[in-house]
Amino acid sequence: MNDKIYANWERFYKEGRIDRRTLMKAAMVWAAGVGAMGALAACGDDDDDDDTPATSTGGGGSQTETPAAEAPTEASDEGEAEATSSGDSGSGGEGGTLRVILDQSDLPTMDPHMHNLRTGIIAFYHIFDNLGVRNAETNMIEPWLAESWENIEPTVWELKLRQGIKFHNGDDFTAATVKFNWDRVTNPEQASQQIGNHAAIAGVEIVDDYTVHVTTKEPYPIFTERLQNFQMISEKVAEANDDAWLAENPIGTGPYKFVEWKKGQELVLTRNDDYWNPDVEIAYKDLILRTVPGVPTQLAELLAGTADIVRVVPFDQMQAVDNSGVASTKTQSILRVGFTRLDAMGRTGPNPFQDVRVRHAANHACDIQGYIDALQPGGDRTPALVNPKHFGFDPTIEPHEYNPDLARQLLEEAGYPDGIDVTWVRGPSSMPNQDQVDQAMQRDLEAVGIRCTFETLSDGNVFTTRHNEGQAGPMHSYNWGSYSVFDADGILWDMLHSNEIFTYYNNAELDELLEQGRGSLDPEERKQIYSKAQRIVRDEAPMIFMWGFHAVWGVSNNVEWSPRPDEIDMYFTARPKA
Amino acid sequence: MATADPTIQDAASAFSPRRTRKKTLRQWMKTMWRLRMSVAGATILAILIFIAIFAPILSPYSYTEGRITDRLQEPVWQGGSWSHPLGTDGIGRDYATRLMYGARLALSVGVLATVISGVIGITLGMLAGFFGRWVDGIISTLVNVMMTFPFILLALAVIAVLGASFTNVVLVLGIGAWPIYTRVVKFEVERIKSLEYIAAGRVVGLGNWRLMMRHIMPNLFNTIVVIATVQVARLIISEAFLSFLGLGVPPPTPSWGYMLQESQAFMFTWGDIWLPTLPGLLIFITALSINFVGDGLRDLMDPHQRAAL
Amino acid sequence: MGSFIANRVMQTVVAVFGISVIVFVITNMIGDPVNVLLPPETPREQRELYREQMGFNRPLVVQYWDFLSDAVVGDFGTSFRAERPAMTIVWERMPATLLLTLSGTILATVIAIPMGIISSYKRYSIWDNLSTLFVVAGQAMPIFWLGLMLIIVFGVNLKWLPPSGYGEFGIDRLKHMVLPTVVLGVFLAPVTERLVRSGMLDALTQDYIRTARAKGLRERVVLTRHALRNTMIPVITVLGLQFGQLLGGAVITETVFAWPGVGLLAIESIRNADFPVTQAAVVSLAIIIGLVNLGVDLIVGVLDPRIRR
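Chains as they are written, first to last, in our numbering: chain L, 5 to 582; chain S, 633 to 941; chain V, 5 to 313.
Hints are supplied without guarantee of correctness; some may be wrong.
Stated by the list, open to error - Simulated coverage check for chain S against chain L, where a stretch passes if three residues somewhere in it have a Cβ under 8 Å from a Cβ of chain L:
hint: 1; stretch: 685–694
hint: 2; stretch: 809–819
hint: 3; stretch: 880–892
hint: 4; stretch: 899–909
To be verified - List time: in silico DSS-like cross-link candidates among lysine-lysine, alpha-carbon distance up to 25 Å:
hint: 5; chain 1: V; residue 1: 126; chain 2: S; residue 2: 662
hint: 6; chain 1: V; residue 1: 163; chain 2: L; residue 2: 581
hint: 7; chain 1: L; residue 1: 581; chain 2: L; residue 2: 29
In case anyone wonders, no lab produced these hints; they're calculated from the structure.
Ideal Cβ placement from N, Cα and C applies to all residues, glycine included.
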């Protein structure tokens with residue numbers, strides 16, 4: 005589907021209806037998909053990246069109807085029979101219960117538009133559906149509630165919706181539903197935390213019962229990204245009830261139906277036996293998403309056999325889990341990159357890291373590979389911030405070697421023979437084993453004379469605000485998921501372009517290269533541009549380069565399930581182990 | 633105490649519980665045996681204080697040095713080498729060294745916070761008990777408020793604002809713990825105030841300050857000491873809990889509470905269990921010893937109990 | 005008697021009021037509500053506009069007045085995180101906390117009183133020392149550590165009890181209650197036992213006991229009817245005072261055992277900078293503690309004629 009869409013963008017450009025910059029953005033998205041396929045094929049290192057066939061609807065090639073939708077009535081009958089029979093074959097009765105520990109704190113609401121949490125996205129992926137879903141192998145967005153989409157005008161997308169889909173209460177899913185949902189999220193009075201995601205959407209027009217036209221304010225190449233993280237609620241239900249009711253009563257079209265929300269404890273769901281998608285075999289009859297504060301307690305539940313899936317297993321407990329005979333760990337390399345940023349432009353104030361020699365000293369002082377080997381379940385080195393998974397990663401760029409003597413020498417040259425004293429700001433982080441890594445780094449830095457004092461902020465909001473307002477210097481820990489865009493631009497632009505609020509570095513030459521990279525059509529040319537950019541980044545060292553994370557889940561030995569590189573867990577793909 | 637009128641002095645000492653009786657060695661031995669738990673506690677405490685003070689000499693390592701390749705070495709009883717008798721932690725630091733410096737932190741935080749809370753609490757208690765009326769009213773209200781407020785939430789909130797550091801932790805603990813002194817001291821002061829020798833003192837013309845310092849205060853001494861010893865133990869545990877929540881003294885300074893939090897997850901493997909057990913055990917032993925010493929002190933100082941010794 | 009009651013009620017009201025001030029000030033110091041409510045990418049001008057719209061730029065005193073006038077009728081505003089009123093969220097979780105603290109208190113009392121009596125009666129015997137050891141151990145042990153150990157032993161290794169959670173109403177809930185109650189009971193028992201013990205020791209040496217014995221009353225009667233009754237006053241007082249401590253212990257217990265109570269909610273809300281919920285939770289807890297203290301004082305006031313003034 006991307007090829008056809010991209011062809012449209014080319015046509016718009018030729019007709020003069022969009023400018024070059026927009027075409028480049030489209031090219032980037034297209035290249036990201038292509039690149040991801042290549043990258044994923046290349047780095048087939050870690051186990052368990054494959055997604056179960058059920059979620060990918062037959063490959064992203066065709067733009068029109070996918071096979072599953074062709075015979076809706078037959079397929080749904082088949083699907084129903086299949087769902088119930090596979091349910092019966094599960095262990096422990098008619099399908100059994102899957103118990104997942106979702107998070108340490110409870111979800112704030114059952115309204116999928118009124119939150120901004122990853123765990124919320126995961127939970128609502130089970131009760132509701134999205135227009136499109138990312139295929140974990142190809143990284144393309146594929147049809148889900150929408151059957152197809154086409155970019156008919158530079159600022160207009162036509163979506164054709166699948167027919168015959170019903171909400172859990174019987175309401176029909178139609179174009180009116182889609183319009184209502186988009187209107188709701190983009191309405192400033194609704195005050196949705198997700199309004200920023202849809203900032204580019206101007207409006208939605210109903211063409212017929214199963215076709216809508218979505219208008220964007222400007223040509224918007226990454227429109228399809230919006231489809232995979234936007235759950236649809238029933239417009240009839242929403243109109244008949246107020247927000248307070250919606251916050252407690254989720255009615256969606258998804259693989260599971262809402263049963264009960266025991267606040268502070270768990271969310272109880274039961275299988276939707278009328279689920280419209282025949283490719284999805286929902287093995288477990290009941291799904292319970294629990295809230296358990298404290299990782300040791302979560303582990304205890306996993307090891308006691310009272311929980312089937314746990315989303316985080318601390319590094320040092322991986323062996324205990326694997327040896328327990330009750331559960332096993334599943335490691336998944338993800339796109340997210342961690343690093344320790346140095347305030348190279350003095351955004352927070354004058355500091356020693358404004359001297360490039362000091363920055364190199366900091367990089368040479370740290371035994372990055374050592375940390376990966378001893379303290380991580382795995383990690384992909386990012387010598388110039390770019391993850392090997394990103395399109396445009398240059399494998400020839402050599403990472404900083406671990407050389408404390410060189411570090412000391414550089415500090416002396418820079419005029420700091422007695423070393424320097426700096427504050428290191430840390431916020432809550434998803435890096436596995438962050439605390440031990442930080443302390444090991446602190447020790448190595450001190451050994452060459454860079455003495456760091458930790459300032460740990462336990463509140464994510466406080467940290468983010470300080471960071472974005474430029475008050476997190478001279479040194480802070482950070483990580484970046486690139487918004488799941490598997491392209492070098494996805495990390496380099498936001499982290500290092502001088503116009504971005506996230507950057508603590510500016511370099512006009514780098515800015516130009518990044519703009520060129522966004523502006524080019526040719527993948528080979530882009531690769532070269534990004535190589536040059538990475539060269540500059542490495543030579544300027546505006547951060548201590550670390551690695552792309554490998555995250556670890558814990559899964560009961562009675563359950564067959566794998567996590568995804570985009571970190572959106574789909575528990576409806578789990579099945580009991582035979 | 634020479635210049636005061638001898639009559640007052642005699643009267644004072646006749647009622648003062650501090651009057652001592654001479655004891656023979658044999659009687660002391662007997663007392664020590666009866667108070668054997670306290671003696672044991674005092675001995676252990678002395679050892680801990682010794683370790684805390686002399687840690688740099690007792691250990692060849694600093695509490696941060698180590699190589700990550702040396703991480704999680706076993707202690708000697710699990711087959712490890714004597715170079716790290718209690719093993720190493722997650723990034724290769726010698727565990728025994730960190731525990732020793734942890735003693736330093738625990739004791740210093742405990743003592744300092746107790747001193748701060750004691751000074752505040754006793755002063756306020758004295759003022760409230762001595763002057764009564766509206767002074768008492770304000771102070772008692774303050775005490776009520778402080779005692780009604782769940783301490784942990786207060787500590788959490790304050791440290792979230794001020795940031796975690798040694799000073800802030802001591803301050804928060806000190807400020808959270810003063811009310812109990814005030815309550816007790818106030819009652820004691822009121823009780824003593826009504827005794828005749830104080831009234832006699834006034835008649836003779838002794839000023840307020842003198843009355844408070846010279847005559848009332850010494851009688852509080854016993855009560856205060858007993859409360860203080862228990863408080864030190866309490867505060868050590870509170871600091872451990874704050875560290876456990878990540879709000880205590882920041883790493884890499886070793887705090888037993890922080891070491892406990894760092895090693896929580898190791899509780900699942902028998903082979904690693906020494907990691908969370910040792911800091912927990914030390915917190916426990918320290919608090920226990922202090923409690924026993926406090927018990928013994930109370931028994932020694934209270935004339936009713938002392939009669940039974 | 006009437007003025008005594010009025011006086012105590014007044015004190016309670018003032019205490020709760022004082023706490024509302026403290027919690028309001030502290031939450032506003034922790035973070036900027038605008039930053040919590042708006043997504044991080046919001047540009048500065050929009051933030052300032054929002055701040056004005058919501059009234060966050062008014063002087064703190066004015067904001068407090070608004071807060072207070074709403075709070076008095078139970079309106080603590082809407083949670084920043086969820087769509088629901090903060091007070092509703094708090095009251096949903098209150099039964100869990102009350103259940104836990106009540107059962108913890110009962111367990112502690114059931115342990116502490118007999119132990120205290122035996123201990124006081126057979127002073128310095130093996131009984132006394134053992135009970136001292138056991139009971140003080142409970143106080144000295146970090147309860148988060150104890151909690152985790154119990155979970156591992158009984159939940160993971162032996163699989164006798166569920167590791168954490170609230171459970172379904174009925175037998176299942178009782179099973180889930182066992183471990184957290186034990187932890188809380190162990191937390192609370194020591195001080196109560198100490199008090200019973202010292203109260204009994206005091207009472208036993210009093211004259212009226214000697215008189216009772218002289219009268220030829222049986223030991224059991226002497227113990228229970230005379231000594232114990234007088235001991236109950238300080239015990240009840242301290243149980244009441246301990247309630248504040250108990251809630252603190254409940255917070256830890258709730259965290260370790262995933263018990264969905266108000267303590268856990270308060271900690272989460274501080275972490276999430278969800279100020280309305282923090283304020284609602286703290287003030288609710290304060291009211292409960294205040295009421296308990298008030299109740300205790302009233303009971304004691306009835307029992308002990310000396311206190312009524």
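Outcome of the hint check:
As drawn, the stretch 685–694 of chain S meets chain L at 0 residues by the rule of a beta-carbon pair under 8 Å; below three, the given contact is violated. Coverage of a stretch by a chain is defined here by at least three residues with a beta carbon nearer than 8 Å to that chain's beta carbons; for the stretch 809–819 of chain S and chain L the count is 0, and the condition is violated. For the stretch 880–892 of chain S, the stated coverage by chain L is satisfied: 3 residues place a CB nearer than 8 Å to a CB of that chain, which reaches the threshold of 3. Evaluation of the coverage hint for the stretch 899–909 of chain S: fulfilled, as 4 residues show C-beta separations to chain L shorter than 8 Å, against a requirement of three.
For the suggested pair residue 126 of chain V and residue 662 of chain S, the alpha carbons sit about 17 Å apart, so the restraint of at most 25 Å is met. Distance restraint check for residue 163 of chain V and residue 581 of chain L: the Cα-Cα separation of roughly 23 Å lies within the 25 Å cut-off, and the hinted pair is therefore satisfied. For the given pair, residue 581 of chain L sits about 44 Å from residue 29 of chain L by alpha-carbon distance, which is inconsistent with the 25 Å threshold.
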